[in-house]
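Enquirer: Residues per chain, in single letters:
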Amino acid sequence: EAGVTQFPSHSVIEKGQTVTLRCDPISGHDNLYWYRRVMGKEIKFLLHFVKESKQDESGMPNNRFLAERTGGTYSTLKVQPAELEDSGVYFCASSQVAGGGTEAFFGQGTRLTVV
Amino acid sequence: KQEVTQIPAALSVPEGENLVLNCSFTDSAIYNLQWFRQDPGKGLTSLLLIQSSQREQTSGRLNASLDKSSGRSTLYIAASQPGDSATYLCAVYTGANSKLTFGKGITLSVRP
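Protein sequence lines, in the order shown, are assigned to chains L and S.
For the first sequence, the working numbering begins at 1 and goes up steadily by one.
For the second sequence, the working numbering begins at 116 and goes up steadily by one.
Since the hints were made in silico from the structure, they are not lab data.
Examples of chain S residues lying across from chain L (beta carbon under 10 Å, computed):
id, residue
1, I145
2, L163
3, A211
4, G220
In this text, all values refer to a predicted model and were calculated from it rather than measured experimentally.
Here a beta-carbon is modelled for each residue, glycine too, at the ideal position from N, C-alpha and C.
With the rest of the complex left out, here is chain S (with noise of 0.2 Å):
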């Protein structure tokens, strides 16, 4: 059974710092991985898609990494904002017709 891991619940960070957000799965057979942002009271809003047979994507200030093999996944944020402040959540996919796994995921807030 998949599970998915982001570590810490909560973050906060200066404005202007580059920062990492971590995602563990514990089965690395997956098909592809999406990042998402949640703002309080609203849905989930697609950030970044990597497909299985890429390592990473980037979407301005955003870079997505992934590494099957060791069952990990990283969303760099570089040069903080405060309008970053969000949940940050983590989900894979792992089958071709399979339902997304969430995590928990991370908190983050950016101080002005």
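Only chain L is shown next, with the shape it has when bound in the complex (with noise of 0.2 Å):
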């Protein structure tokens, strides 16, 4: 059975562009989550798919990130126009039940680097 599966694994974009990263979660996994983690902190919660609606979208820093999940299946987190601040490896994560009620699985990250 195929992990949880990230795309790009590393991109570097200028101040001002667009990125879009990509997550594939694990099959018949309806919640899906994306997380941060930038340089010294912990890793932070961004927001939380039940399906392809909504659960939870408290931790998105601002409005230049839009997450979206069109079916239900995988999920899309685009960065327009990205900040220097921005920089840092976003997760993925899916799951069968919220809230730990089953494990999380997680990607193996996306490593942003903004110049």
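With the hints as a guide, bring both chains together as one complex.
Expert: Dropping the structure here:
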């Protein structure tokens, strides 16, 4: 069974450009999460999808970040326009049941560098 | 607001030693707790999930315990090996539909 897959693994963009990150969750997992780790800080929650609906987007930093999950399968996270402080590692996770009812499985992350 | 603390930030031990990694959280009303491992440049690998009704979970040489009332969890690694070298992260769920709140992790180095 394939795990959580994220594309690209690395992205270097200039300030002001747009970047789109993609996450393919484990098949059958309705719950999909985005997290981010900036240098020196702990991993922090961005948002949670249940199928195609946003369950909780309280962690999204600002309106430059847009997440979608059309059809309840893969998800994209777009940053437009990117700023220097957006640099970090973006993780996607999926689970069958929310809140730790079952394990959350994480992807390998996308390392975003904004220069 | 839930906060998760893992101290120390780094630990170096000789191979074969039994060790305990600590995790504390400020809000004891957690739902579940999950331990992860992260290798350099890689994603997070789930090690153990402890449900709120459980006090411990075991997987091979790993044993994780949970004491909700005191806001603590420990990850016990028996007979450590160089391959155990990685960053170990503790994370808690504070509700049925809630997200994970992470600690900063403990970077473990096991010397041959």
